[in-house]
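Asks: Residues per chain, in single letters:
Protein chains: 6
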Amino acid sequence: MRPSGRQPDQPREIRLTRDYTRHAEGSVLVEFGDTKVLCNASVEAGVPRWLRGKGQGWITAEYGMLPRATHTRGGREAARGKQGGRTLEIQRLIGRSLRAAVNLKKLGEFTITVDCDVIQADGGTRTASITGGCVALVDAIRYLQRKKLIKSDPLQQLVASISVGLFKGQPVVDLDYPEDSGADTDMNVVMTEGGGLIEVQGTAEAGQFSRAELNAMLELAEGAGATLFARQREALGIRD
Amino acid sequence: MRPSGRQPDQPREIRLTRDYTRHAEGSVLVEFGDTKVLCNASVEAGVPRWLRGKGQGWITAEYGMLPRATHTRGGREAARGKQGGRTLEIQRLIGRSLRAAVNLKKLGEFTITVDCDVIQADGGTRTASITGGCVALVDAIRYLQRKKLIKSDPLQQLVASISVGLFKGQPVVDLDYPEDSGADTDMNVVMTEGGGLIEVQGTAEAGQFSRAELNAMLELAEGAGATLFARQREALGIRD
Amino acid sequence: MRPSGRQPDQPREIRLTRDYTRHAEGSVLVEFGDTKVLCNASVEAGVPRWLRGKGQGWITAEYGMLPRATHTRGGREAARGKQGGRTLEIQRLIGRSLRAAVNLKKLGEFTITVDCDVIQADGGTRTASITGGCVALVDAIRYLQRKKLIKSDPLQQLVASISVGLFKGQPVVDLDYPEDSGADTDMNVVMTEGGGLIEVQGTAEAGQFSRAELNAMLELAEGAGATLFARQREALGIRD
Amino acid sequence: MRPSGRQPDQPREIRLTRDYTRHAEGSVLVEFGDTKVLCNASVEAGVPRWLRGKGQGWITAEYGMLPRATHTRGGREAARGKQGGRTLEIQRLIGRSLRAAVNLKKLGEFTITVDCDVIQADGGTRTASITGGCVALVDAIRYLQRKKLIKSDPLQQLVASISVGLFKGQPVVDLDYPEDSGADTDMNVVMTEGGGLIEVQGTAEAGQFSRAELNAMLELAEGAGATLFARQREALGIRD
Amino acid sequence: MRPSGRQPDQPREIRLTRDYTRHAEGSVLVEFGDTKVLCNASVEAGVPRWLRGKGQGWITAEYGMLPRATHTRGGREAARGKQGGRTLEIQRLIGRSLRAAVNLKKLGEFTITVDCDVIQADGGTRTASITGGCVALVDAIRYLQRKKLIKSDPLQQLVASISVGLFKGQPVVDLDYPEDSGADTDMNVVMTEGGGLIEVQGTAEAGQFSRAELNAMLELAEGAGATLFARQREALGIRD
Amino acid sequence: MRPSGRQPDQPREIRLTRDYTRHAEGSVLVEFGDTKVLCNASVEAGVPRWLRGKGQGWITAEYGMLPRATHTRGGREAARGKQGGRTLEIQRLIGRSLRAAVNLKKLGEFTITVDCDVIQADGGTRTASITGGCVALVDAIRYLQRKKLIKSDPLQQLVASISVGLFKGQPVVDLDYPEDSGADTDMNVVMTEGGGLIEVQGTAEAGQFSRAELNAMLELAEGAGATLFARQREALGIRD
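Protein chains in written order, with full-length UniProt numbering: chain A, 1 to 240; chain B, 1 to 240; chain C, 1 to 240; chain D, 1 to 240; chain E, 1 to 240; chain F, 1 to 240.
If we strip away everything but chain A, and leave its shape as in the complex, we get (with noise of 0.2 Å):
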């Protein structure tokens, strides 16, 4: 029995708001559950030094939490003076994740940077931030269509990601918090619509996992994809 009573391969309500701030070209709050993030994609025209006249465009994605996204208070990273080996570690992914939907060859010399704010978090803010993020980026494309700074459609695919692990033994889909830190694995899967992995980044908590349940963790994620896609194309007013 999931703490939510939930059934294993259910996932949370999953919403996509669209023009959630006015000034981004693409803002977007995805929430998975009580997970907010504030995805905002900006476009800035050139890219960084070592990509320059080649061509090409460049997506890259930051990430941070509100202090008090979480139940108890977390140092501010500004205040810190550094971002976290997490942060780091998650921006590296929602970027990696996000320029996998994109041809950068047909995005010209545009930047588009994609910030996943936590407002509130409830377990896979990391997956939700992909999941949005990717809404945010559309949005930004079509901004530079709109605006013919670009020709062609540089999407080539959207991409969207969910959690999975084995609470108490069981697989089980879209861990929250109260799954997630009582996890034995825990992976988080980023996947195309046609099928095709992203990537795959499973961690044993404690103890360690076969490839049987490998599998069958897998399989919920794919299941639970086509309801990402499923929100991700209804929130774009994208038709199949």
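For the record, the hints were derived by calculation from the structure and aren't laboratory data. Note that the structure is predicted; figures quoted are calculated from it, not measured. Built from N, CA and C at the ideal position, the CB exists for glycine as well. Watch out, some of these pointers could steer you wrong.
Claimed, not checked - Simulated restraints, written as ranges between beta carbons of each label pair:
(1) F:E13 with B:G74: 39 to 45 Å
(2) D:H71 with A:Q56: 20 to 26 Å
(3) C:E109 with F:E234: 55 to 61 Å
(4) C:S181 with A:G74: 33 to 39 Å
Here the structure of chain A is known, so what remains is to put chains B, C, D, E and F in place on it, guided by the hints.
Replies: Chains B, C, D, E and F in isolation, oriented as in the chain A frame:
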């Protein structure tokens, strides 16, 4: 004529939404028109080292802006490795202002940290932070009372803040971004309900201002104060 | 009765010593009684990146305190690895105030940096810095004129600053450390010779202050202004 | 055909040299072909603050690269003033992996820090670090036992790690630098001797990977595991 | 011929002004010609953590340069966020040298920090800092004795320092900036009154120096030592 | 009697192993007994900004210690976020010393960075770094010549370094850790083959030293120099 069409003495629509997030002891979304700041008040047992053993509490504030709260993306302070001078100046002002609301002796050895994070900026983020932060602070104090962690009520008065300025030679209240960036003089006023002044910070951005202009601006601030305190009382369910 | 025995409207003895060190284009030791600040104005060709090509100059300021300028030794900011919030706040104020003295368009693409380093502190270091920094700034401008690097005179007016406050309920001018640490309200006023206000920063350290008290304090500041500008003119050899 | 001429399932020559330096309680030079990492395990009494009084120990890891371990010189992280995201991500992975080898309760209030410093890099530095770090960790545990500082044996299992990937469409094991920089998918697998998985991190560098490809890569990792554990046992003088 | 017209064995005019500022327990302005350094010695109860409980005191030094102490403005180390290598090297030298003056056992558990801040630089700032810092240190020790905080006299000897070098092939003493920047060899010597050496740091800036030249330079340093110690004794009112 | 049983004028066994790693243009493992330092010389086109266009090259050095090179683990400087004063002081010394080996004009606009990383420490790491770094530097210069990137030979002389000191009152050469930590005086000498001195840094750790003792120590250094240069020549295959 103001860009927004408002009257010189007319503040923007002011909204205070309590319980905006679920973890903080006080959580208020404050909106001054399009300026939106999330104010989370966190209660922690204990006080900073230099106050220990003095039998009093402490109120402090931290301020941040989401990178894309503004028209163009600003660098993330956590990534740059330090808080800028403007940030530090603002959070010192918020902290000082909120301490004026509370009898620290009656607070006991608790620290309340008020995090003011700007979700969307359109001028007046520091005045909104003080006004909304005070409501979050009251909720945090009520939490302490409800949990019977303190006996007497440390709240001595509500505080609120509004900006005033000289825009095209005319005194106006509650400047939005277009006014703020074009004003000759910009002044932030922190007030108590009884008409007392807690902080007055006036700056001539171009030229100088006279004693008469200063007084005209203070009149406008005093007028808007009535609205601010009414909104705070409504939000908190305090009758006169 | 003031601790120093001064009258409420009586500033401390104010001394301005030009050419205090030999390398800076403007070098002034300013003394407000026992408060001693060395103000060095340095001329450098060029302007910050964001001003390039706009055909104007820039004035900026930095502020520091020698570790043992105060009663007890303060940590060296260079050793701690960052400037504190108070330092940043003060140097932003000095910079803004000194820019009000100059027509930046007439300065041409030069940057003048005014370093204000407190040798000995006894209250009022920021007001002394502005008052002495303005004299150093004038010397730096004269250097540019003497070297024929600029044609017209960018100085538009002298600026000076004094603190006022409510000490034991009474408005007083130019607070020294014993008054400063015990004052109910503390206000720094930056003025022009013509009676204009450049910056007003008033803070209730305990309780609040009224509009009437604010005005009484501004009267005192205005009165002391005459002395400040007379000292600046004497030091610079400017006749009326 | 692999650039090195190896078979798809053939890892590089793996060498583990114990007692490589003389001060550390465990000191192992691990070589995966031309990748050379010095793994030093240091025993210190006490645990981090957040673990105190819980009657358990702690294992942590730090990772670094000598500036010229790579083809072109990389900036020294100590000189740049911070560890990069890649470094932090890797050392978090090493620490998590090595903790899986140990029963922290049986370790007592000791901290073992495993420093993995890359002397020469040719791909796979993190997998080499885990594999060699585990041997250094065992030596540090033996030191504690020899000194009679702990009674029972906290080692619960050996852990080792290998990279697998898709290179030109084919699954291969233990990628060297030329393969690593050209691989479509790169995956690091941390395993136990019993065939359990501790960590799986797979990333599509270009395109995506399928469940079938994931399984093919895991097969290769499992196969190489036999070699890794054999080398660890030989080095440690453990018979089956 | 030296640029200043001085004889090879002639140091600049050396002045030591005690009680230069009023808060420090020892406050000395030291001038070696146009080089001016303010040396403030601060007494604090307690010692660094690693010395606690050993029944001895500690002497340490910090060094800084006001940004415009030099011909062109140097960046403020506090603003850059770290002390440079030259600064750290100099303050380590000053600290070591001053510790040689004192019997730390007799000092008791007090720390004396000597801040050496360069007001104006013209070569030889480190030697001036040591020579002036020693006088400030003696005043701090006298303060401890006057307040009866220590019983016996921890001062074991005066220490002083002078630079020597090879300028255009000739050994000269007390190099000023024009000589310093053009010297082939530069050497700083820290001495005791009895002719003992505390520290010798000689560097060939161009070419190399011979044992004979080293000895010739040491002769000059020894000769100047007489002047330095005479000035220290005069300043401190110590008769022979 | 020295702890190691060596004669006063007997240095430890000195070994220089070239081509220790494969990426650097010069890679030397230098051993002074149990002190082991990896010296990697990296060639990069271009020079620091302040040297551009002057038609000369630059030699610089960086120094680091692996955390467990020493008896007890030292904090990793990259993790602490800055290089300590000792590190900066040493790397400045190495850089200055190695520049004495080279005619920078003949080097052309190349920068050679010599990274000295201490694998195992037993006293004398800076002297080993200079001695081994010089051999790595020669290999980097030979690389430039082999690639025909420079025409003439910029090497003007070999440089080497050894420590000397007063241990229990007696002058000894090449102090190992037990001697180093107990010596009254410690001196590092950087020499040329012709008997010239490049750098002399002598420090009285306890008491003071006389001119006679200084000379006795320099004699020992000169004697050991013969061994050092012989080892460098052997390693480099240079005949007399």
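Asks: Has the hinted range 39 to 45 Å been met by the Cβ atoms of E13 of chain F and G74 of chain B?
Replies: Given a distance of about 59 Å, which is not inside 39 to 45 Å, the answer is violated.
Asks: Between S181 of chain C and G74 of chain A, does the beta-carbon spacing fit 33 to 39 Å?
Replies: holds (35 Å)
Asks: Does the Cβ distance between H71 of chain D and Q56 of chain A fall inside 20 to 26 Å?
Replies: holds (23 Å)
Asks: Given the hint of 55 to 61 Å, is the C-beta distance from E109 of chain C to E234 of chain F inside that range or not?
Replies: holds (60 Å)
Hint 1 from the list above is the single one not met by this structure.
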